[in-house]
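Take the given structure of chain A and dock chain L to it, following the hints.
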Amino acid sequence: MTLTLTTASRVLAQLRFDRRTVVLIIGLPCLLLGLLAWMFDGTGVLDQFGPMLVGLFPLIVMFLVTSVATLRERQSGTLERLMTTPLRKADFVAGYALAFAGLALVQSLVVVGFALAVGMNVLGPLWLVVVVAMLDAVLGCCLGLAASALARSEFQAVQMMPAIIFPQLITCGLLMPRDQMPQVLEWLSRVFPLTYAIEAMQDLSAGAEWADVSGAVGVIVLFIVGAVVLGVATLRRRTA
Amino acid sequence: MVNNDVAVRVRGLRVERGGRPVIDGLDVVVPAGQVVGLLGPSGSGKTTLLRAVVGVQAAVTGDVTVLGEPAGAAGLRHRVGYVTQAASVYTDLTVVQNLRYFARLAGLPGAGAEAAVRRAVEAVDLGGHEKQRVGTLSGGELSRVSLAAALVGDPELLVLDEPTVGLDPVLRRDLWNMFRRLAADGRTLLVSSHVMDEATRCDRLLLLREGTLLADTTPSELLESTGAPDAERAFLTLIEQREAPTTSEEGTR
Numbered sequence: 001m002t003l004t005l006t007t008a009s010r011v012l013a014q015l016r017f018d019r020r021t022v023v024l025i026i027g028l029p030c031l032l033l034g035l036l037a038w039m040f041d042g043t044g045v046l047d048q049f050g051p052m053l054v055g056l057f058p059l060i061v062m063f064l065v066t067s068v069a070t071l072r073e074r075q076s077g078t079l080e081r082l083m084t085t086p087l088r089k090a091d092f093v094a095g096y097a098l099a100f101a102g103l104a105l106v107q108s109l110v111v112v113g114f115a116l117a118v119g120m121n122v123l124g125p126l127w128l129v130v131v132v133a134m135l136d137a138v139l140g141c142c143l144g145l146a147a148s149a150l151a152r153s154e155f156q157a158v159q160m161m162p163a164i165i166f167p168q169l170i171t172c173g174l175l176m177p178r179d180q181m182p183q184v185l186e187w188l189s190r191v192f193p194l195t196y197a198i199e200a201m202q203d204l205s206a207g208a209e210w211a212d213v214s215g216a217v218g219v220i221v222l223f224i225v226g227a228v229v230l231g232v233a234t235l236r237r238r239t240a
Numbered sequence: 001m002v003n004n005d006v007a008v009r010v011r012g013l014r015v016e017r018g019g020r021p022v023i024d025g026l027d028v029v030v031p032a033g034q035v036v037g038l039l040g041p042s043g044s045g046k047t048t049l050l051r052a053v054v055g056v057q058a059a060v061t062g063d064v065t066v067l068g069e070p071a072g073a074a075g076l077r078h079r080v081g082y083v084t085q086a087a088s089v090y091t092d093l094t095v096v097q098n099l100r101y102f103a104r105l106a107g108l109p110g111a112g113a114e115a116a117v118r119r120a121v122e123a124v125d126l127g128g129h130e131k132q133r134v135g136t137l138s139g140g141e142l143s144r145v146s147l148a149a150a151l152v153g154d155p156e157l158l159v160l161d162e163p164t165v166g167l168d169p170v171l172r173r174d175l176w177n178m179f180r181r182l183a184a185d186g187r188t189l190l191v192s193s194h195v196m197d198e199a200t201r202c203d204r205l206l207l208l209r210e211g212t213l214l215a216d217t218t219p220s221e222l223l224e225s226t227g228a229p230d231a232e233r234a235f236l237t238l239i240e241q242r243e244a245p246t247t248s249e250e251g252t253r
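Protein sequences appear in the order of chains A and L. Residues in the first sequence are numbered from 1 upward in steps of one, following full-length UniProt numbering. Residues in the second sequence are numbered from 1 upward in steps of one, following full-length UniProt numbering.
Rather than coming from a laboratory, the hints here were simulated on the basis of the structure. Beta carbons: idealized from backbone N, C-alpha and C, even for Gly. Among the hints, a few may not be true.
Stated by the list, open to error - Stretch-level coverage of chain L by chain A, calculated; a stretch enters the list once three of its residues show a Cβ under 8 angstroms from a Cβ in chain A:
id: 1; stretch: 69-79
id: 2; stretch: 200-212
What the hints assert, rightly or not - If we take Cβ atoms under 8 angstroms as the criterion, some of the chain A residues that face chain L in the derived model are:
id: 3; residue: Trp210
id: 4; residue: Asp212
id: 5; residue: Arg238
Here chain A stands alone, though its shape is the one from the complex (with noise of 0.2 angstroms):
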């Protein structure tokens, strides 16, 4: 556990020294959803689509950061080091994973904070919307330390993030109801994280309360702790 909490700090102090990431994670949700709000200024686009977009972005834009930065531990032979050291497996996964929920907490109340204040309404308790956030992003962020594994070169890394955001993207309920879609398809987008959290935001928006959501945001909890476990054991200790 100590491991894992200076592995976090260790993180963390890095983010410091990179404080254009840090404003570009918590800046860019909230410039993207301005310019959602300005372009449908006076509809209720931005009451029906800005919370789903408050889950979105940040699973996107923590998915990028953890897929690089794991990647970036590999080809700078700092994983190859810590592997000889006692840090575990895990450790490195929870740490990396705890160091970005911090992140995460602050990215998801800024952006939630911004969308109110450029005039998102929300239905259900505010304190879910941010939760829910939050979880969206540590998602992202497991997702991507359980992909980076897959890629052996920075070309592939980033497009792990296409190849797995975007087709639970097409299918999640954003585009179609889900109700509406070909019968696989629907099949599809339940074993997809991505469908809960922005059902939960969805019903979020519409007046739900903790009791409505608190099912899917049990299955983003599993999907975390599935992500994590999936990234610590594609992790090897030894390679060729």
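Quick look at chain L alone, frame taken from chain A:
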């Protein structure tokens, strides 16, 4: 031999990389408390052997025993320090932040970690650079930070892959003096190099070529047996002896 006298024992090691054997049937013994030089041209399998010793090399067959345990065993991870060929430290952190992280990973508590960091900075002569970001250091300084990150945990066995590449002669001499001091304190050092001059600073030499052991000797024995004036020419002599045993008549004019 008693186990305590042997830091690393390699028997019948075979490693494949990219579908071909890089090391094929290697037997090596590294005595404890000595500086053992692993010498050979690039591509001879030095890094692969070192990676097998620290337990990060895949596709390994044969037997590698380190400090009495199988290579890579969890119990070894605080007893073995490894420095990769390319500097493996975080370039976006300062010298002290890097060393502090590796000190804590080695299990040193807060105050102990700070003292160990100070000692490691001193050992690699990086005083004055403590708060500097590693990415802004010179190449030689960078590799010293990488070395310090292994020293900071004070391991019993140090596995160093070309730690003196790109360093000036004064610093190289100082580092080798430090290696000698560490060995005098009972640490074992397995140091690879392709600079043959450094051979004379070792207690024992392992000469590697194309994944096989060309010689396991001492610096004086090497010069004596080959009659060569320095390690580099001794190495060439050994290769010529190996490659042309049948054409030796032509060689003696």
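Worksheet item: Which hint numbers does the structure go against, in order from smallest to largest?
Response: 2, 3 and 4
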